[in-house]
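Protein sequence lines, in the order shown, are assigned to chains A and B. No gaps in the numbering here: position 215 of the first sequence is 215 in the numbering used here, and each next residue is one more. No gaps in the numbering here: position 224 of the second sequence is 224 in the numbering used here, and each next residue is one more.
It should be emphasised that the hints constitute simulated quantities derived from the structure, not laboratory data. Glycine included, C-beta positions come from ideal geometry on N, C-alpha and C. Just to be clear, a hint being listed does not mean it is correct.
Sample of chain A residues with no beta-carbon within 10 Å of chain B, all distances over it, derived [to be verified]:
#, residue
1, D7
2, S39
3, E51
4, G64
5, R79
6, R105
7, A120
8, E223
9, H224
10, I234
11, W237
12, D249
13, D274
14, G307
15, V345
Derived contacts from chain A toward chain B, CB cut-off under 8 Å, selection only [said to hold, decoys possible]:
#, residue
16, T87
17, M91
18, H242
19, G302
Chain by chain, the residues run as shown.
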Amino acid sequence: MAAFVLDSLEPLIAELRSRGFAVVGPVARGGVIRMEEISSAADLPRGARDEQTPGRYRLSTHDGDLMFDYAASPDSAKRFTQPPRQTLIRMRRGDIEEVEDEAPRLALLGIRPCDLAALAVQDRVFLGGRHPDPAYRRRREALFLVTVNCAVPGGTCFCVSMGTGPKATKGFDLALTELADPHRFVVEAGSEKGVDVLGALSQAAACDDDLAAAEEVSRIAAEHMGRQVDTEGIQQWLPQAHDSPRWSDVASRCLSCTNCTMVCPTCFCTTMEDSTSLSDGTAERVERWDSCFTLDFSELNGSPVRGSGEGRYRQWLTHKFATWYDQFGMSGCVGCGRCITWCPVGIDVTEELANLR
Amino acid sequence: MTPAPYRIRSRRPDRADTVTLTLEPVDGACPSFVPGQFTMLYAPGVGEIPISISGWFRPGGYVQTIRAVGAVSRALCHKRRGDVIGLRGPYGTGWDLSAAAGLDVVVAAGGLGLAPLRPVVRELTAHPSLYGRASVIVGARTPATVIYPQDLARWHDGHGIDVQVTVDHPDQAWTGPVGLVTHLLDRIVFEPRRTFAFVCGPDAMIKATAVELVRRGVDPRRTAVLLERNMKCGIGRCGHCQLGPLFVCLDGPVVTYDVAAPLLAVREL
Numbered sequence: 001m002a003a004f005v006l007d008s009l010e011p012l013i014a015e016l017r018s019r020g021f022a023v024v025g026p027v028a029r030g031g032v033i034r035m036e037e038i039s040s041a042a043d044l045p046r047g048a049r050d051e052q053t054p055g056r057y058r059l060s061t062h063d064g065d066l067m068f069d070y071a072a073s074p075d076s077a078k079r080f081t082q083p084p085r086q087t088l089i090r091m092r093r094g095d096i097e098e099v100e101d102e103a104p105r106l107a108l109l110g111i112r113p114c115d116l117a118a119l120a121v122q123d124r125v126f127l128g129g130r131h132p133d134p135a136y137r138r139r140r141e142a143l144f145l146v147t148v149n150c151a152v153p154g155g156t157c158f159c160v161s162m163g164t165g166p167k168a169t170k171g172f173d174l175a176l177t178e179l180a181d182p183h184r185f186v187v188e189a190g191s192e193k194g195v196d197v198l199g200a201l202s203q204a205a206a207c208d209d210d211l212a213a214a215e216e217v218s219r220i221a222a223e224h225m226g227r228q229v230d231t232e233g234i235q236q237w238l239p240q241a242h243d244s245p246r247w248s249d250v251a252s253r254c255l256s257c258t259n260c261t262m263v264c265p266t267c268f269c270t271t272m273e274d275s276t277s278l279s280d281g282t283a284e285r286v287e288r289w290d291s292c293f294t295l296d297f298s299e300l301n302g303s304p305v306r307g308s309g310e311g312r313y314r315q316w317l318t319h320k321f322a323t324w325y326d327q328f329g330m331s332g333c334v335g336c337g338r339c340i341t342w343c344p345v346g347i348d349v350t351e352e353l354a355n356l357r
Numbered sequence: 001m002t003p004a005p006y007r008i009r010s011r012r013p014d015r016a017d018t019v020t021l022t023l024e025p026v027d028g029a030c031p032s033f034v035p036g037q038f039t040m041l042y043a044p045g046v047g048e049i050p051i052s053i054s055g056w057f058r059p060g061g062y063v064q065t066i067r068a069v070g071a072v073s074r075a076l077c078h079k080r081r082g083d084v085i086g087l088r089g090p091y092g093t094g095w096d097l098s099a100a101a102g103l104d105v106v107v108a109a110g111g112l113g114l115a116p117l118r119p120v121v122r123e124l125t126a127h128p129s130l131y132g133r134a135s136v137i138v139g140a141r142t143p144a145t146v147i148y149p150q151d152l153a154r155w156h157d158g159h160g161i162d163v164q165v166t167v168d169h170p171d172q173a174w175t176g177p178v179g180l181v182t183h184l185l186d187r188i189v190f191e192p193r194r195t196f197a198f199v200c201g202p203d204a205m206i207k208a209t210a211v212e213l214v215r216r217g218v219d220p221r222r223t224a225v226l227l228e229r230n231m232k233c234g235i236g237r238c239g240h241c242q243l244g245p246l247f248v249c250l251d252g253p254v255v256t257y258d259v260a261a262p263l264l265a266v267r268e269l
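Chain B extracted, bound-state conformation (with noise of 0.2 Å):
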């Protein structure tokens, strides 16, 4: 329960209330992660909060992306370049890219959720052989909550991978489709019966999204899912993120939907 401090090396605001930190450790080595794994974040005296790895960069350090949305977010978006921050992890289940070799490939973001995915693109650029069709589609709540405009933009037209973004609220500027995520589905090719799927998003993003690729013919198995949860220690102790039997911190954040399903139907769980 105890972080290691890490220095933040470079930060770089993406939109209004969203910045992406790049963490170096102060001294000693930089665990390896898997991709959809998360740390804890210790904000000094504010306190501390899991977020997702979004990268990696070498000799080794993390890239996470933070929105400010409560005291601890805010404390650690608020941090300058040269800071030191508390980190604990990397923690929780990661994506299977392993289990998705040979097939096509949907990526659905929802929002921050694509902080968590951007490993998993970075690999289906990197060796593209590897794996069939490649689409990412991602929903926001307007354009300007689009996070990773670059690598959308980069992911398209370098790697040949199909991006489409939808928002629910477009500005003037905005030549785009509107609604939900789950419309995309109509926009991008995939076989279904040869699809391994990667959800992220808010719950009732990631129901949607789930129950429409299922529809279509994805094996639940085969639909990886990155559930969030309150969380205070990240190893299974402090009881928060509990989801029925789950401990989310350990036994996901990524679950397959077999398993996220009957859960994510009951109320309030």
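For reference, chain A alone in the conformation it holds in the complex (with noise of 0.2 Å):
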């Protein structure tokens, strides 16, 4: 595929907005990288790198023209896609309404691949069974997809070992390489969407200096991998290490406190939250988010299914790692280590798997 190379990002994001998206993007706020709506590419954070390691996060700025120079913030691309809250319907005197959100055009730049991987997962989930959810479609058909292949692994980020990274294969519109002295990046299209917008844009053929450093890049950063898994025969061996002693070794160190649930970008549950309005007495269904460590979750007739952290934590990581197979035909990983980074208490899912195997 033919590569370009953009010396500024202001064009692409101008061309984005001019054709009514709402570009999304990393900024620096509150000491954590997240993903918020930009107008310029001076929004970005020029200069920030991250420290990640197993229940820790800094953020630091340094001297230089990289925006892209950090691994997996806290947020992904599920946020979007998935919503933590929505309306589903609406009741009042035996009529129902169903609710149908506004399917926003977003164009969501510096997801990195690992999230791409992790959307395909959400379109296998949401899209591939046999009740498709028309609003996950909208949403998703509404989005237009940048990526900046990683740099920088984190500390605790392990695609190499998912097969998700750090270099975007398919899954997007653009995909983006940043290169410094000069500062630039490569492009390349991966749809017809973004062969259309980098049309739009005035951009140089990317010469074979610029291809080699961009593939530079992305093999250093393959080799910088914080953690790693060995996934072989994983979805065969994990299930059948269920009455492992790792199983409460792990428990006693967990904390249920659902961030590793919340911060994973295919964790998919729900609950419903359900209300009556006081004024007119409409009854309201909400679905947010929801986690397996709750002990509501498995409820039934009064008494949780899974009441022990062992059964809890050993539910999600069996989950994840090897029936999210039997269900979906792949892995629900997708190696972007934020369980790792952001569990208070520094639970490392890879280091689990290696006592558990």
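Each chain sits in its own coordinate frame; assemble them with the hints.
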């Protein structure tokens, strides 16, 4: 595929905005990289670098022009494809009304290759079964995806083990690789929409040096994974490890806080909240993110099926890495490392899996 | 995920905490169902729960039995004739009655587990020549928690089905057997190698009954069990009903025991 070079992202952002997309990109806010709406390349976190280890995330600012010199932020695309809360229906006096939220046209700029892989997982979960989710489809089809290949993996990253990065191979409209000296981006289109947007920008064809430099960025990133997982045979051996003493060991550290499931880009479980308006009696159903770490999650006739922490941790880890294959024909883990970074006690799934094996 | 409005056509309190509703769509036709399937019943403003379908009435509506154990089931039990609730479905797998053709049939129910088995027994009574000997065994906590007592009497007296009921805690009027439902397998007649069993109840009852059936020679693949798990959606999206690799709402609730046995053997799966 033809590759081009952009000296600045400003024209790209302007072009996307002129096409009616709200451009959502990384910004440094509150000591963390968030995905928020931006209006110009000046909003991007120039010089930001992160340090990610189990239970720890620190952001710092350095000299230089690089805007994507960090790993996965706590925000994946999930927040946009599967909103944390969405109203499903309203019912009043026997009339049931389906609530159809408008799907915003969003250009996600700077989402990572692991997050593209997570979108493919979500597509399978929400669209690939017997009951496709039309609301998900609307939101998904309204996205324009500009991925940035990773240059500096975090200390908790293991996308190479999961085969999802650090360079995106599919699932994007545009893919950028950020290069220094001079600061520029090698850009490739991955869809007709991407070709169209790229065609509207004045760009130069990438020369051999640019392409070699981009390949080098991805090659070095692949060699610097903070973590690794041996996935060989995991669909078989992990469910059979249900009696391992390691589960009670990890449960003694796990707080059942649900952080891992909230930051996970593929965890899709939800629950419902019901309410009735005091003013006119309208009943409303809201779907919101839920977690298999709560006791309510498996409640059956007054008591939880998974009442112990080890039962709940085992459910999460086994589902993510093994039974997900039975259900969806693919792994539920994309190796982004968020669950490790954002675990308040630093539980490391790669370490747990190595010990369970 | 949008329920259709259904009107409560009739409401029959079965026992202290159990109510049987007949539900018909406010408009449009009622989708047909396979015995064993469930619907998601929505009590406006309170919540939605999976409830098995216990019967069909003409021209089109469901019979569903609800025990008041939580906020949603209590709200549904308190609804009155003419009230409108929400309904989605039917969902899930059903009992494979065709697989039982020509075989002896054992229907084993624990407590409210008789509710999704009621349409199975009605099929047995409607087409007795298609099946061998038919038995219904029911276990309940107390005599007062045995549901469908009139149906049980009619199946026994009017249709020649061997119906046996046991309770854990008898009252003074109780003259029947006391103890586990598995003990009733000694009191009925069936040829294990030519038998199809339909089992529904709490996990422990399902396990104990299926283990005993298989020990006597019934093929696990001819032992169908109906599983119950927490469900918020009924369509494989909320994640709550997972049992190992299964989504009970999609892959179940009815599965054969060769599938269920290794999963039920793992604590807290």
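Hints, one by one, checked against the model:
The beta carbon of D7/A is kept farther than 10 Å from every beta carbon of chain B, the shortest such distance being approximately 45 Å. Consistency note on S39/A: stated as away from chain B, and its beta-carbon is indeed over 10 Å from all of that chain's, at 35 Å minimum. Distance to chain B confirms E51/A as a non-interface residue, since its nearest Cβ pair spans about 33 Å, more than 10 Å. In this structure G64/A is separated from chain B by more than 10 Å, as the shortest Cβ-Cβ distance comes to about 43 Å.
Distance check on R79/A: its Cβ is at least 18 Å (rounded) from any Cβ of chain B, clearing the 10 Å threshold; non-interface status holds. With a minimum CB-CB distance of about 24 Å to chain B, R105/A clears the 10 Å threshold, and the non-interface call stands. Even its closest Cβ contact with chain B, about 17 Å, leaves A120/A beyond 10 Å, as expected for a residue assigned away from the interface. Remark: the non-interface label on E223/A is consistent with the geometry, its nearest Cβ contact in chain B lying 35 Å away (cut-off 10 Å).
With a least CB separation of 34 Å from chain B, H224/A remains clear of the 10 Å interface cut-off, as annotated. The Cβ of I234/A lies farther than 10 Å from every Cβ of chain B, with a closest approach of about 14 Å, so its non-interface assignment holds. Here W237/A stays apart from chain B, with its beta-carbon at least about 14 Å from theirs, past the 10 Å limit. The claim that D249/A is not at the interface with chain B holds, since no C-beta of that chain comes within 10 Å of its own (minimum 16 Å).
Not every C-beta of chain B lies more than 10 Å from that of D274/A, the closest at about 5 Å, which undercuts listing it as non-interface. Against the 10 Å criterion, G307/A falls within the reach of chain B, whose nearest CB is about 7 Å from its own CB. With 10 Å as the threshold on Cβ separation, the claim that V345/A sits away from chain B holds: the shortest Cβ distance comes to roughly 22 Å. With 8 Å as the threshold, the beta carbon of T87/A stays out of range of chain B, its nearest partner Cβ sitting at about 11 Å, so the hint is violated.
Because the closest C-beta pair between M91/A and chain B is about 5 Å apart, less than 8 Å, the hint holds. Interface restraint check: H242/A against chain B, minimum CB-CB distance 5 Å, threshold 8 Å, status holds. For G302/A, the shortest C-beta to C-beta distance to chain B is roughly 6 Å, which falls under 8 Å, so the interface hint holds.
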